[in-house]
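Asks: Sequence:
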Amino acid sequence: MGIISVQLIWIQRAYQLQVTQLNYDITQALIQVSRAIQNHQGDETLLLDPVKQVEDQTFIVKTNENPDPDYIEALLTQEFKKQEINLDFEYNLYNCFNDSVIFTKAVKIDQGKAVEKENPSTVVNWRSDDGHYFSVYFSNKTKMVIDRLNFWIFSSFLLLVLAAFFAYTINIILKQKRLGDTKNDFINNMTHELKTPISTISLSTNVLLKPGIENQPERIRNYAEIIKKENERLQLQVEKVLQIASLDKDKVEMQFETCNLFELVSDSVSTFKTIIEEKSGTITSNIANKNIEVKLDKIHIYNVLSNLIDNAIKYCDTNPEIEIAVYEKGNNIEIHVQDNGIGMKPSEVKYIFDKFYRVPTGNLHNVKGFGLGLYYAKVIMQAHNGSISVEKNEPIGSAFILKIPRSK
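Numbering (my numbering), first residue to last: 11 to 418.
These are calculated hints, taken from the structure and not from any lab test. Predicted model only: the values in this text are computed from it and were never measured. Careful: at least some of the hints might be erroneous.
[As the list claims (entries may be wrong)] Here are the simulated DSS-like cross-link-like pairs (lysine-lysine), alpha carbons at most 25 angstroms apart as the crow flies: (1) K193 to K365; (2) K300 to K187; (3) K91 to K151.
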(Lines of atoms letter the chains of each structure in order from A; the text may use other names.)
(Lines give C-alpha, C1' and ligand atoms only; values in the text may rest on other atoms or scores of the structure.)
Protein backbone atom coordinates (compact mmCIF):
# COMPACT_ATOMS: atom_id res chain seq x y z
CA MET A 11 0.00 0.00 0.00
CA GLY A 12 2.90 2.34 0.75
CA ILE A 13 4.37 1.86 -2.72
CA ILE A 14 0.96 2.42 -4.35
CA SER A 15 0.48 5.65 -2.37
CA VAL A 16 3.93 6.89 -3.39
CA GLN A 17 3.21 6.07 -7.03
CA LEU A 18 -0.14 7.87 -6.94
CA ILE A 19 1.48 10.96 -5.38
CA TRP A 20 4.26 10.74 -7.97
CA ILE A 21 1.78 10.57 -10.88
CA GLN A 22 -0.30 13.39 -9.41
CA ARG A 23 2.74 15.65 -9.13
CA ALA A 24 3.89 14.65 -12.61
CA TYR A 25 0.42 15.54 -13.93
CA GLN A 26 0.54 18.95 -12.25
CA LEU A 27 4.05 19.49 -13.63
CA GLN A 28 2.90 18.63 -17.16
CA VAL A 29 -0.10 20.97 -16.86
CA THR A 30 2.22 23.78 -15.78
CA GLN A 31 4.65 22.97 -18.61
CA LEU A 32 1.88 22.88 -21.24
CA ASN A 33 0.48 26.22 -20.05
CA TYR A 34 3.99 27.66 -20.26
CA ASP A 35 4.51 26.29 -23.78
CA ILE A 36 1.17 27.71 -24.94
CA THR A 37 1.94 31.08 -23.38
CA GLN A 38 5.36 31.24 -25.06
CA ALA A 39 3.84 30.31 -28.41
CA LEU A 40 1.19 33.02 -28.08
CA ILE A 41 3.81 35.60 -27.07
CA GLN A 42 5.69 34.80 -30.27
CA VAL A 43 2.44 35.20 -32.22
CA SER A 44 1.85 38.62 -30.63
CA ARG A 45 5.40 39.75 -31.44
CA ALA A 46 5.15 38.44 -35.00
CA ILE A 47 1.97 40.46 -35.53
CA GLN A 48 3.69 43.63 -34.30
CA ASN A 49 6.82 43.01 -36.36
CA HIS A 50 4.68 42.38 -39.41
CA GLN A 51 3.21 45.87 -39.05
CA GLY A 52 6.55 47.47 -38.16
CA ASP A 53 5.34 48.32 -34.64
CA GLU A 54 8.20 48.27 -32.13
CA THR A 55 6.03 49.13 -29.12
CA LEU A 56 6.68 46.73 -26.23
CA LEU A 57 3.53 45.16 -24.86
CA LEU A 58 3.65 44.18 -21.19
CA ASP A 59 2.12 40.76 -20.49
CA PRO A 60 0.57 40.35 -23.93
CA VAL A 61 -0.78 36.90 -23.00
CA LYS A 62 -3.09 36.16 -20.11
CA GLN A 63 -4.62 32.81 -19.13
CA VAL A 64 -8.16 33.63 -18.02
CA GLU A 65 -9.39 30.05 -17.63
CA ASP A 66 -7.81 26.62 -17.62
CA GLN A 67 -8.36 26.24 -21.38
CA THR A 68 -8.66 29.87 -22.53
CA PHE A 69 -5.89 32.40 -23.27
CA ILE A 70 -6.25 36.09 -24.21
CA VAL A 71 -3.70 37.74 -26.56
CA LYS A 72 -3.41 41.54 -26.82
CA THR A 73 -2.19 43.20 -30.03
CA ASN A 74 -1.67 46.78 -31.16
CA GLU A 75 -2.28 45.83 -34.75
CA ASN A 76 -5.24 44.32 -36.52
CA PRO A 77 -4.08 41.47 -38.73
CA ASP A 78 -6.22 39.39 -40.98
CA PRO A 79 -7.77 36.29 -39.27
CA ASP A 80 -6.07 33.95 -41.74
CA TYR A 81 -2.72 35.47 -40.83
CA ILE A 82 -3.42 34.89 -37.12
CA GLU A 83 -4.37 31.30 -37.87
CA ALA A 84 -1.18 30.73 -39.83
CA LEU A 85 0.92 32.14 -37.00
CA LEU A 86 -0.89 30.07 -34.38
CA THR A 87 -0.45 26.86 -36.35
CA GLN A 88 3.23 27.63 -36.94
CA GLU A 89 4.09 28.48 -33.31
CA PHE A 90 2.10 25.58 -31.87
CA LYS A 91 3.99 23.24 -34.18
CA LYS A 92 7.32 24.62 -32.92
CA GLN A 93 6.25 23.95 -29.33
CA GLU A 94 4.88 20.49 -30.27
CA ILE A 95 1.40 21.52 -29.17
CA ASN A 96 -0.79 19.26 -31.29
CA LEU A 97 -4.12 20.47 -29.99
CA ASP A 98 -7.33 21.40 -31.75
CA PHE A 99 -8.12 25.01 -30.97
CA GLU A 100 -10.67 27.71 -31.56
CA TYR A 101 -9.67 31.36 -31.89
CA ASN A 102 -12.01 34.32 -31.47
CA LEU A 103 -11.42 37.95 -32.43
CA TYR A 104 -13.02 40.62 -30.27
CA ASN A 105 -13.88 44.27 -30.69
CA CYS A 106 -12.04 45.86 -27.78
CA PHE A 107 -14.61 48.66 -27.47
CA ASN A 108 -17.58 46.47 -26.65
CA ASP A 109 -15.95 43.02 -26.17
CA SER A 110 -18.13 41.53 -28.87
CA VAL A 111 -16.95 38.56 -30.94
CA ILE A 112 -16.53 39.58 -34.55
CA PHE A 113 -14.86 36.44 -35.86
CA THR A 114 -14.46 32.85 -34.68
CA LYS A 115 -13.03 29.72 -36.22
CA ALA A 116 -12.26 26.18 -34.99
CA VAL A 117 -9.12 24.47 -36.32
CA LYS A 118 -8.48 20.75 -36.21
CA ILE A 119 -4.82 19.78 -35.86
CA ASP A 120 -3.14 16.55 -36.92
CA GLN A 121 0.59 16.26 -36.16
CA GLY A 122 1.00 20.02 -36.12
CA LYS A 123 -0.87 20.71 -39.36
CA ALA A 124 -4.29 22.24 -39.81
CA VAL A 125 -6.15 19.52 -41.69
CA GLU A 126 -9.70 20.72 -41.26
CA LYS A 127 -11.06 24.20 -40.78
CA GLU A 128 -14.61 24.40 -39.58
CA ASN A 129 -16.81 27.18 -40.86
CA PRO A 130 -16.75 30.16 -38.52
CA SER A 131 -19.76 30.39 -36.28
CA THR A 132 -19.71 34.19 -36.47
CA VAL A 133 -18.22 36.18 -39.32
CA VAL A 134 -18.40 39.91 -39.92
CA ASN A 135 -16.74 42.14 -42.47
CA TRP A 136 -13.13 42.60 -41.44
CA ARG A 137 -11.98 46.18 -41.03
CA SER A 138 -8.30 46.77 -40.38
CA ASP A 139 -8.95 50.05 -38.58
CA ASP A 140 -10.89 48.40 -35.72
CA GLY A 141 -9.17 47.77 -32.37
CA HIS A 142 -9.08 44.07 -31.58
CA TYR A 143 -7.67 41.36 -29.37
CA PHE A 144 -8.16 37.64 -29.74
CA SER A 145 -8.57 34.57 -27.56
CA VAL A 146 -7.51 30.96 -28.08
CA TYR A 147 -9.53 28.11 -26.60
CA PHE A 148 -8.30 24.49 -26.29
CA SER A 149 -11.02 21.88 -25.80
CA ASN A 150 -8.79 18.86 -25.14
CA LYS A 151 -5.82 20.06 -23.09
CA THR A 152 -6.28 17.23 -20.58
CA LYS A 153 -5.83 14.60 -23.29
CA MET A 154 -2.50 16.07 -24.32
CA VAL A 155 -1.32 16.22 -20.71
CA ILE A 156 -2.17 12.54 -20.31
CA ASP A 157 -0.41 11.74 -23.60
CA ARG A 158 2.70 13.46 -22.27
CA LEU A 159 2.38 11.34 -19.10
CA ASN A 160 2.42 8.02 -20.95
CA PHE A 161 6.04 7.36 -20.02
CA TRP A 162 5.40 8.23 -16.37
CA ILE A 163 2.30 6.06 -16.22
CA PHE A 164 4.05 3.14 -17.90
CA SER A 165 7.05 3.48 -15.57
CA SER A 166 4.78 3.57 -12.52
CA PHE A 167 2.80 0.58 -13.73
CA LEU A 168 5.99 -1.37 -14.42
CA LEU A 169 7.36 -0.47 -10.98
CA LEU A 170 4.10 -1.56 -9.33
CA VAL A 171 4.18 -4.87 -11.22
CA LEU A 172 7.77 -5.46 -10.14
CA ALA A 173 6.97 -4.50 -6.54
CA ALA A 174 3.95 -6.81 -6.55
CA PHE A 175 6.06 -9.63 -7.99
CA PHE A 176 8.78 -9.20 -5.37
CA ALA A 177 6.19 -8.92 -2.59
CA TYR A 178 4.50 -12.09 -3.82
CA THR A 179 7.85 -13.88 -4.06
CA ILE A 180 8.90 -12.80 -0.57
CA ASN A 181 5.51 -13.82 0.79
CA ILE A 182 5.86 -17.28 -0.79
CA ILE A 183 9.39 -17.63 0.61
CA LEU A 184 8.23 -16.63 4.10
CA LYS A 185 5.30 -19.03 3.90
CA GLN A 186 7.58 -21.85 2.81
CA LYS A 187 9.99 -21.02 5.62
CA ARG A 188 7.19 -20.94 8.18
CA LEU A 189 5.80 -24.21 6.82
CA GLY A 190 9.25 -25.76 6.98
CA ASP A 191 9.75 -24.55 10.56
CA THR A 192 6.35 -25.85 11.67
CA LYS A 193 6.97 -29.21 9.99
CA ASN A 194 10.35 -29.48 11.70
CA ASP A 195 8.72 -28.66 15.03
CA PHE A 196 6.06 -31.27 14.33
CA ILE A 197 8.66 -33.92 13.50
CA ASN A 198 10.65 -33.08 16.63
CA ASN A 199 7.53 -33.16 18.82
CA MET A 200 6.25 -36.35 17.23
CA THR A 201 9.66 -38.01 17.64
CA HIS A 202 9.70 -37.03 21.30
CA GLU A 203 6.10 -38.12 21.88
CA LEU A 204 6.72 -41.50 20.23
CA LYS A 205 10.18 -42.00 21.68
CA THR A 206 9.06 -41.62 25.29
CA PRO A 207 6.56 -44.54 25.37
CA ILE A 208 8.92 -46.68 23.26
CA SER A 209 11.75 -46.07 25.74
CA THR A 210 9.47 -46.83 28.68
CA ILE A 211 8.25 -50.05 27.04
CA SER A 212 11.86 -51.04 26.28
CA LEU A 213 12.98 -50.48 29.88
CA SER A 214 9.98 -52.36 31.27
CA THR A 215 10.61 -55.25 28.87
CA ASN A 216 14.26 -55.47 29.94
CA VAL A 217 13.18 -55.66 33.57
CA LEU A 218 10.73 -58.46 32.80
CA LEU A 219 13.48 -60.40 31.03
CA LYS A 220 15.80 -60.36 34.04
CA PRO A 221 16.43 -63.70 35.74
CA GLY A 222 14.29 -64.33 38.82
CA ILE A 223 11.58 -61.81 37.91
CA GLU A 224 9.11 -64.70 37.60
CA ASN A 225 9.29 -65.01 41.39
CA GLN A 226 8.03 -61.42 41.79
CA PRO A 227 4.44 -61.44 40.47
CA GLU A 228 3.72 -57.96 41.87
CA ARG A 229 6.57 -56.40 39.90
CA ILE A 230 5.52 -58.31 36.80
CA ARG A 231 2.00 -56.91 37.16
CA ASN A 232 3.30 -53.35 37.66
CA TYR A 233 5.56 -53.45 34.62
CA ALA A 234 2.85 -55.11 32.56
CA GLU A 235 0.54 -52.21 33.48
CA ILE A 236 3.25 -49.74 32.45
CA ILE A 237 3.70 -51.48 29.10
CA LYS A 238 -0.07 -51.55 28.56
CA LYS A 239 -0.44 -47.87 29.45
CA GLU A 240 2.48 -46.75 27.25
CA ASN A 241 1.25 -48.93 24.39
CA GLU A 242 -2.16 -47.24 24.59
CA ARG A 243 -0.45 -43.86 24.66
CA LEU A 244 1.62 -44.79 21.61
CA GLN A 245 -1.46 -46.01 19.79
CA LEU A 246 -3.30 -42.79 20.62
CA GLN A 247 -0.50 -40.65 19.17
CA VAL A 248 -0.45 -42.69 15.96
CA GLU A 249 -4.24 -42.45 15.69
CA LYS A 250 -4.03 -38.66 15.97
CA VAL A 251 -1.63 -38.44 13.04
CA LEU A 252 -3.71 -40.86 10.95
CA GLN A 253 -6.85 -38.92 11.81
CA ILE A 254 -5.35 -35.68 10.51
CA ALA A 255 -4.23 -37.49 7.34
CA SER A 256 -7.81 -38.62 6.77
CA LEU A 257 -9.04 -35.05 7.33
CA ASP A 258 -6.67 -33.77 4.65
CA LYS A 259 -8.12 -36.27 2.19
CA ASP A 260 -11.72 -35.37 3.08
CA LYS A 261 -12.28 -38.91 4.32
CA VAL A 262 -13.63 -37.95 7.72
CA GLU A 263 -17.08 -39.39 8.28
CA MET A 264 -19.64 -37.30 10.13
CA GLN A 265 -22.51 -38.90 12.01
CA PHE A 266 -25.05 -36.14 12.55
CA GLU A 267 -27.63 -36.59 15.26
CA THR A 268 -29.78 -34.35 17.41
CA CYS A 269 -27.84 -33.61 20.57
CA ASN A 270 -28.55 -31.74 23.80
CA LEU A 271 -25.77 -29.16 24.21
CA PHE A 272 -26.16 -28.96 27.98
CA GLU A 273 -25.40 -32.66 28.29
CA LEU A 274 -22.51 -32.48 25.81
CA VAL A 275 -20.85 -29.55 27.60
CA SER A 276 -21.46 -31.15 31.00
CA ASP A 277 -19.71 -34.34 29.84
CA SER A 278 -16.71 -32.30 28.68
CA VAL A 279 -16.54 -30.43 31.99
CA SER A 280 -16.76 -33.67 33.99
CA THR A 281 -13.90 -35.24 32.02
CA PHE A 282 -11.43 -32.53 33.01
CA LYS A 283 -12.83 -31.53 36.39
CA THR A 284 -10.52 -33.78 38.42
CA ILE A 285 -7.40 -32.78 36.46
CA ILE A 286 -8.16 -29.09 36.92
CA GLU A 287 -8.93 -29.43 40.62
CA GLU A 288 -5.55 -31.12 41.09
CA LYS A 289 -4.04 -27.90 39.76
CA SER A 290 -6.17 -25.86 42.22
CA GLY A 291 -8.21 -24.51 39.31
CA THR A 292 -11.87 -24.34 38.37
CA ILE A 293 -13.97 -25.22 35.34
CA THR A 294 -17.59 -24.08 35.09
CA SER A 295 -20.38 -24.03 32.54
CA ASN A 296 -22.87 -21.26 31.89
CA ILE A 297 -25.92 -22.43 29.93
CA ALA A 298 -29.14 -20.49 30.45
CA ASN A 299 -31.26 -22.79 28.28
CA LYS A 300 -30.62 -26.41 29.22
CA ASN A 301 -32.88 -27.68 26.42
CA ILE A 302 -30.90 -26.46 23.41
CA GLU A 303 -30.77 -29.22 20.82
CA VAL A 304 -28.61 -29.08 17.70
CA LYS A 305 -27.96 -31.53 14.91
CA LEU A 306 -24.24 -32.31 15.00
CA ASP A 307 -21.63 -35.05 15.23
CA LYS A 308 -21.49 -35.60 18.97
CA ILE A 309 -18.13 -37.36 19.07
CA HIS A 310 -16.29 -34.80 16.94
CA ILE A 311 -17.74 -31.77 18.74
CA TYR A 312 -16.89 -33.44 22.05
CA ASN A 313 -13.31 -33.87 20.78
CA VAL A 314 -13.18 -30.20 19.73
CA LEU A 315 -14.28 -29.08 23.21
CA SER A 316 -11.78 -31.47 24.78
CA ASN A 317 -8.97 -30.03 22.66
CA LEU A 318 -9.87 -26.47 23.70
CA ILE A 319 -10.07 -27.38 27.39
CA ASP A 320 -6.83 -29.35 27.18
CA ASN A 321 -5.07 -26.37 25.58
CA ALA A 322 -6.47 -24.06 28.26
CA ILE A 323 -4.86 -26.28 30.89
CA LYS A 324 -1.53 -26.73 29.10
CA TYR A 325 -1.09 -23.06 28.21
CA CYS A 326 -1.73 -21.72 31.70
CA ASP A 327 1.10 -20.68 34.02
CA THR A 328 -1.16 -20.31 37.06
CA ASN A 329 -4.25 -22.02 38.51
CA PRO A 330 -6.48 -22.62 35.47
CA GLU A 331 -9.89 -20.95 35.42
CA ILE A 332 -12.04 -22.10 32.53
CA GLU A 333 -15.63 -21.23 31.67
CA ILE A 334 -17.76 -22.75 28.93
CA ALA A 335 -20.81 -20.69 27.98
CA VAL A 336 -23.53 -21.38 25.42
CA TYR A 337 -25.51 -18.58 23.74
CA GLU A 338 -28.37 -18.55 21.25
CA LYS A 339 -27.76 -15.89 18.59
CA GLY A 340 -30.20 -15.85 15.71
CA ASN A 341 -29.82 -18.97 13.60
CA ASN A 342 -26.55 -19.89 15.30
CA ILE A 343 -25.54 -21.46 18.57
CA GLU A 344 -22.29 -20.12 20.03
CA ILE A 345 -20.10 -22.03 22.46
CA HIS A 346 -17.51 -19.84 24.20
CA VAL A 347 -14.50 -21.46 25.88
CA GLN A 348 -12.69 -18.85 27.98
CA ASP A 349 -9.49 -19.30 29.98
CA ASN A 350 -6.89 -17.36 31.95
CA GLY A 351 -3.86 -18.75 30.13
CA ILE A 352 -0.84 -17.01 28.66
CA GLY A 353 -2.87 -15.81 25.67
CA MET A 354 -1.53 -15.05 22.22
CA LYS A 355 0.07 -12.17 20.40
CA PRO A 356 -1.91 -10.66 17.49
CA SER A 357 0.83 -11.89 15.13
CA GLU A 358 0.23 -15.47 16.30
CA VAL A 359 -3.57 -15.51 16.07
CA LYS A 360 -3.70 -15.74 12.26
CA TYR A 361 -1.64 -18.94 12.31
CA ILE A 362 -3.11 -20.90 15.21
CA PHE A 363 -5.57 -22.85 13.04
CA ASP A 364 -2.82 -23.90 10.61
CA LYS A 365 -1.72 -27.50 10.65
CA PHE A 366 1.34 -28.18 12.86
CA TYR A 367 1.44 -24.61 14.22
CA ARG A 368 2.13 -24.31 17.94
CA VAL A 369 2.03 -21.06 19.90
CA PRO A 370 5.39 -20.25 21.55
CA THR A 371 5.04 -21.00 25.26
CA GLY A 372 7.69 -18.71 26.73
CA ASN A 373 8.60 -20.08 30.15
CA LEU A 374 6.31 -23.10 29.78
CA HIS A 375 8.65 -25.86 28.63
CA ASN A 376 6.47 -28.89 29.34
CA VAL A 377 3.72 -28.25 26.78
CA LYS A 378 3.37 -31.33 24.60
CA GLY A 379 1.48 -31.86 21.38
CA PHE A 380 1.73 -31.94 17.61
CA GLY A 381 0.06 -28.63 16.80
CA LEU A 382 -2.93 -30.47 15.30
CA GLY A 383 -5.70 -29.82 17.83
CA LEU A 384 -6.90 -26.44 16.55
CA TYR A 385 -6.48 -27.51 12.93
CA TYR A 386 -8.71 -30.49 13.71
CA ALA A 387 -11.22 -28.13 15.37
CA LYS A 388 -11.29 -25.90 12.28
CA VAL A 389 -11.90 -28.85 9.93
CA ILE A 390 -14.69 -30.25 12.11
CA MET A 391 -16.42 -26.87 12.43
CA GLN A 392 -16.27 -26.39 8.66
CA ALA A 393 -17.85 -29.83 8.24
CA HIS A 394 -20.73 -28.51 10.39
CA ASN A 395 -21.04 -25.39 8.18
CA GLY A 396 -19.86 -23.49 11.24
CA SER A 397 -16.69 -21.69 12.29
CA ILE A 398 -14.15 -21.30 15.06
CA SER A 399 -12.49 -18.02 16.02
CA VAL A 400 -10.48 -16.64 18.91
CA GLU A 401 -10.57 -13.37 20.83
CA LYS A 402 -8.52 -11.93 23.65
CA ASN A 403 -10.15 -12.71 26.98
CA GLU A 404 -9.77 -9.65 29.20
CA PRO A 405 -7.74 -9.18 31.28
CA ILE A 406 -5.74 -12.31 30.39
CA GLY A 407 -6.16 -15.50 28.42
CA SER A 408 -8.12 -16.37 25.31
CA ALA A 409 -11.74 -16.93 24.33
CA PHE A 410 -12.49 -19.45 21.59
CA ILE A 411 -15.89 -19.16 19.91
CA LEU A 412 -17.57 -22.07 18.14
CA LYS A 413 -20.49 -21.14 15.87
CA ILE A 414 -22.86 -23.94 14.88
CA PRO A 415 -25.97 -23.47 12.70
CA ARG A 416 -29.18 -24.69 14.28
CA SER A 417 -29.77 -27.01 11.34
CA LYS A 418 -27.21 -28.78 9.18
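Asks: If you test the structure against every hint from before, which numbers come out violated?
Replies: As far as the earlier hints go, only 2 is violated by this structure.
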